[in-house]
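With these hints in hand, go ahead and build the complete structure from the sequences.
So the chains spell out like this:
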Amino acid sequence: MLFNSIEFLIFFLVVTSIYFIINHKYRWRLLLAVSCIFYLSFIPVYILVLGALILIDYSMGKFIERSTGKKRRVYLIASVLSLCSVLFIFKYFNFFNANFSNLAHFLNWNYSIESLSLILPVGLSFHTFQSLSYVIEVYKGRQKAEKNLGIYALYVMFYPQLVAGPIERPQNLLHQFYEEHKFEVKRVIIGLQAMLWGFFLKVVIADRAAMIVNPIYNNVQIYTGMPLIIATYLFAFQIFCDFAGYSLIAIGCAKVMGFNLMVNFRRPYFARSIPEFWRRWHISLSTWFRDYVYIPLGGSRANRGRMILNLFVVFLISGFWHGAAWTFLIWGGLHGLYMVISLTTNNFREKFTNIIGLKKLPKIHCIVKILITFNLAAFGWIFFRANSLSDAVYIVTHLFTNLNLSFLDSGLAFNRINLLILVLFILFMEIIHFIQETKGIRSIFDKLPPYVRIIIYYFLLLLILLFGVFNKTEFIYFQF
Amino acid sequence: MEKEQKKFIVNIIIFCLILIELIIIINSVYIQFVFNKKMLYRQEVEYDEFVKNSNKTLEFAFLGDSHTANAINPEYIPRSWSFAFLSDGNYLANYYRLKKVVEYDNISIKYVIFEIDMHSFSEAMFAGDFFSTLNLRSKYLSLSEIGKIRNDCSFAKILFEIYLPVLGQGSEFKYLYLKELSNLYRGHNTADGDLTKQPDIDFELANQYRIHFKNFKRIDNKSMGYFLKSIKFAKEHNISIIFMKYPIAKELNEYYENMNVTREDYYSEILKEINLTIGDNYTLLDYHDYLNDTSYFYDPGHLNVKGSEIFSKKVYLELIELEKCKTHPCD
Numbered sequence: 001m002l003f004n005s006i007e008f009l010i011f012f013l014v015v016t017s018i019y020f021i022i023n024h025k026y027r028w029r030l031l032l033a034v035s036c037i038f039y040l041s042f043i044p045v046y047i048l049v050l051g052a053l054i055l056i057d058y059s060m061g062k063f064i065e066r067s068t069g070k071k072r073r074v075y076l077i078a079s080v081l082s083l084c085s086v087l088f089i090f091k092y093f094n095f096f097n098a099n100f101s102n103l104a105h106f107l108n109w110n111y112s113i114e115s116l117s118l119i120l121p122v123g124l125s126f127h128t129f130q131s132l133s134y135v136i137e138v139y140k141g142r143q144k145a146e147k148n149l150g151i152y153a154l155y156v157m158f159y160p161q162l163v164a165g166p167i168e169r170p171q172n173l174l175h176q177f178y179e180e181h182k183f184e185v186k187r188v189i190i191g192l193q194a195m196l197w198g199f200f201l202k203v204v205i206a207d208r209a210a211m212i213v214n215p216i217y218n219n220v221q222i223y224t225g226m227p228l229i230i231a232t233y234l235f236a237f238q239i240f241c242d243f244a245g246y247s248l249i250a251i252g253c254a255k256v257m258g259f260n261l262m263v264n265f266r267r268p269y270f271a272r273s274i275p276e277f278w279r280r281w282h283i284s285l286s287t288w289f290r291d292y293v294y295i296p297l298g299g300s301r302a303n304r305g306r307m308i309l310n311l312f313v314v315f316l317i318s319g320f321w322h323g324a325a326w327t328f329l330i331w332g333g334l335h336g337l338y339m340v341i342s343l344t345t346n347n348f349r350e351k352f353t354n355i356i357g358l359k360k361l362p363k364i365h366c367i368v369k370i371l372i373t374f375n376l377a378a379f380g381w382i383f384f385r386a387n388s389l390s391d392a393v394y395i396v397t398h399l400f401t402n403l404n405l406s407f408l409d410s411g412l413a414f415n416r417i418n419l420l421i422l423v424l425f426i427l428f429m430e431i432i433h434f435i436q437e438t439k440g441i442r443s444i445f446d447k448l449p450p451y452v453r454i455i456i457y458y459f460l461l462l463l464i465l466l467f468g469v470f471n472k473t474e475f476i477y478f479q480f
Numbered sequence: 001m002e003k004e005q006k007k008f009i010v011n012i013i014i015f016c017l018i019l020i021e022l023i024i025i026i027n028s029v030y031i032q033f034v035f036n037k038k039m040l041y042r043q044e045v046e047y048d049e050f051v052k053n054s055n056k057t058l059e060f061a062f063l064g065d066s067h068t069a070n071a072i073n074p075e076y077i078p079r080s081w082s083f084a085f086l087s088d089g090n091y092l093a094n095y096y097r098l099k100k101v102v103e104y105d106n107i108s109i110k111y112v113i114f115e116i117d118m119h120s121f122s123e124a125m126f127a128g129d130f131f132s133t134l135n136l137r138s139k140y141l142s143l144s145e146i147g148k149i150r151n152d153c154s155f156a157k158i159l160f161e162i163y164l165p166v167l168g169q170g171s172e173f174k175y176l177y178l179k180e181l182s183n184l185y186r187g188h189n190t191a192d193g194d195l196t197k198q199p200d201i202d203f204e205l206a207n208q209y210r211i212h213f214k215n216f217k218r219i220d221n222k223s224m225g226y227f228l229k230s231i232k233f234a235k236e237h238n239i240s241i242i243f244m245k246y247p248i249a250k251e252l253n254e255y256y257e258n259m260n261v262t263r264e265d266y267y268s269e270i271l272k273e274i275n276l277t278i279g280d281n282y283t284l285l286d287y288h289d290y291l292n293d294t295s296y297f298y299d300p301g302h303l304n305v306k307g308s309e310i311f312s313k314k315v316y317l318e319l320i321e322l323e324k325c326k327t328h329p330c331d
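Order-wise, the sequence lines are chains L and A.
As numbered in my numbering, the first sequence has no gaps in its residue numbers, which increase by one up to the final residue, 480.
As numbered in my numbering, the second sequence has no gaps in its residue numbers, which increase by one up to the final residue, 331.
Among the hints, erroneous ones may be present.
Claimed, not checked - Only pairs whose alpha carbons sit at most 20 Å apart, straight line, appear in this in silico SDA-like list of lysine to any residue:
id, chain 1, residue 1, chain 2, residue 2
1, A, Lys148, L, Glu7
2, A, Lys139, A, Asn27
3, A, Lys157, L, Ile454
4, A, Lys38, L, Leu466
5, L, Lys186, A, Lys38
Said to hold, decoys possible - One side of the interface only, derived from the structure: several residues of chain A facing chain L at Cβ under 10 Å:
id, residue
6, Leu22
7, Glu161
8, Arg210
9, Asn215
In short, the hints are calculated from the structure, not lab data.
All residues carry an ideal CB built from backbone N, CA and C; glycine is no exception.
What follows is the structure, given as structure tokens:
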């Protein structure tokens, strides 16, 4: 059941209505039941895997809390291993197997382990990381082990964020299941607003961009120059709108019922540097890696060399988290490299901007930094989106050959009107983001007369209904 | 429930009712002023008028996709009609169109000419959003039949597509500004253009290959299944069957050969299936290499106005010859 489907809208309406009608003590049971139904609508049998993991981590959490000394560590390792091994089997086994097989072939060794033909459970990486954060937090003593198995299961399975996050922390989410949420009109409106904007990003921009990006990225060899550049820039917006759209719908859904999920995106394409980009992009994952990988490795307290290495390793793992392919590893590595360069060249860049006089023009300096950061991120997306490493290499090496606009006349890959509409919608979105960034949209919006607000709602809804793509396109991050 | 909550729910309901009203109005504008400019709709309207005003007999009915729609001009083939699709013309769509013409409209057809081109049975024919424009198709198919055909159990989505075709089609309001409609005659689309003047023929060739063959099975079970259903249907209704291979540009032929898109194995497989289904009582017309001049083509796979005139005249002569041979056996 995808968020961008009629079924989901009906599901949401029914669930939310029942949620507010029934007594508070039955609400978590309702949410758990509907979260199961939601998960079952994808690949039903995988609920058994999820159920087993929930049982293991719930028990381990309790064991960790009850134990002392080395035993705590043993339980933590057991829990982490069980989670990671499931992730490994479903997501990474074939990658390693294929690479070992290639290596063995190269060295003339006999290697004959068959690949597994398993479909990746929806959102496996997300709920695995959420479960990991629970056991780690219990181990660190920052979170008490959950006593109620049902509540813990709901923490892992809460339907708005089950398949693609935001990856929540137990401190933020668990206690909310015990709190009674009243039907507050203001909060419901804020939730619905978030959902509305999320739907706009997903069905109007992301899925419309996919109509141009997919034919090109799935057949890169027949294109050179401009089509590749346009598709790459459009993909930058597609992936943002797809994922930020999903996150907003999830946050909005939860908000309507009274739950606060963490913000996942803060207008990342307004970032002025790559480190800032990562403070704005997929925040729930970035902070997860910061708290559970980067800091335990020594973080910024380690010596400079070690810190740089840590940073690079974290981004490499982050790339691998996204997908078991060399393209994702390179994407992660590239961002690691960006981060390292950004940190090590700080002084030099300061001096350089001083010499060329950009420091005296702060607004232009800011725009230049935003454009450079956006282009670096867009370049990285080539590896993220390319179907294979050879495709990515082809794109990188053909980006600037034949920079003419004759492809627009072919009429096959590019529909001029669709491209124009898409660009207008992206501009519209970025204007809204600019207002959010500079003045804060909520304060402006709340001051508007009610009839203007209603006109804005109608305008957005009509844009979604008239220009949305309704062919049930999956969210990109579902594959992770 | 508190007063504020009640007020909010009432407001939401009013808001939704106004939204529905707005959509209905926009939908009516779309159907009235935009949809009727679309070629697919105009093909249907033109055909409906024919059904109303004729003696309901056709000598030649052409089925296929855009290759047929562009190549066959019924102006040069008297008593014929091109039922070919300009887009998404797979054999599922063709089967239901033939069924509609014969059973729903009660048109008597003497010959049905099926397109069997290099790509006709490719898996690619089902790769897109097939069997759309349900507001037209729902006239002769039930909701459950549509659901079955589309393998989509979301009846809500199907109902929306039938009654609110404007949803997701906002960009089509560009047709409001379309002053000149392209010519249409008995299902034939006049695509005027000249492949020799295309800025990048290599790109066009690669794109044709990509659209039809890259990563797609040459003969897809679904395509073949509906094709066989169609010819079986024609046979059961005593309609004489002709299979036709339409011309493609010589550059495309060469490109396909270089890409190992072979003809021999492909056609022997298809003919084997045909023979198993209806025996060998049919005619096969092969015009694959008929037109060598690239200027007769609109793009590598489709004839332009000039090409379709020459080709249609040739086809008519051949069909007349066939008819003669039926009454007086020829060599």
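Against the structure, the hints:
{"no.": "1", "hint": "A:Lys148 / L:Glu7", "result": "holds (18 Å)"}
{"no.": "2", "hint": "A:Lys139 / A:Asn27", "result": "holds (18 Å)"}
{"no.": "3", "hint": "A:Lys157 / L:Ile454", "result": "violated (27 Å)"}
{"no.": "4", "hint": "A:Lys38 / L:Leu466", "result": "holds (17 Å)"}
{"no.": "5", "hint": "L:Lys186 / A:Lys38", "result": "violated (45 Å)"}
{"no.": "6", "hint": "Leu22", "result": "holds (7 Å)"}
{"no.": "7", "hint": "Glu161", "result": "holds (9 Å)"}
{"no.": "8", "hint": "Arg210", "result": "holds (5 Å)"}
{"no.": "9", "hint": "Asn215", "result": "holds (8 Å)"}
Comparing the model with each numbered hint stated earlier shows that hints 3 and 5 do not hold.
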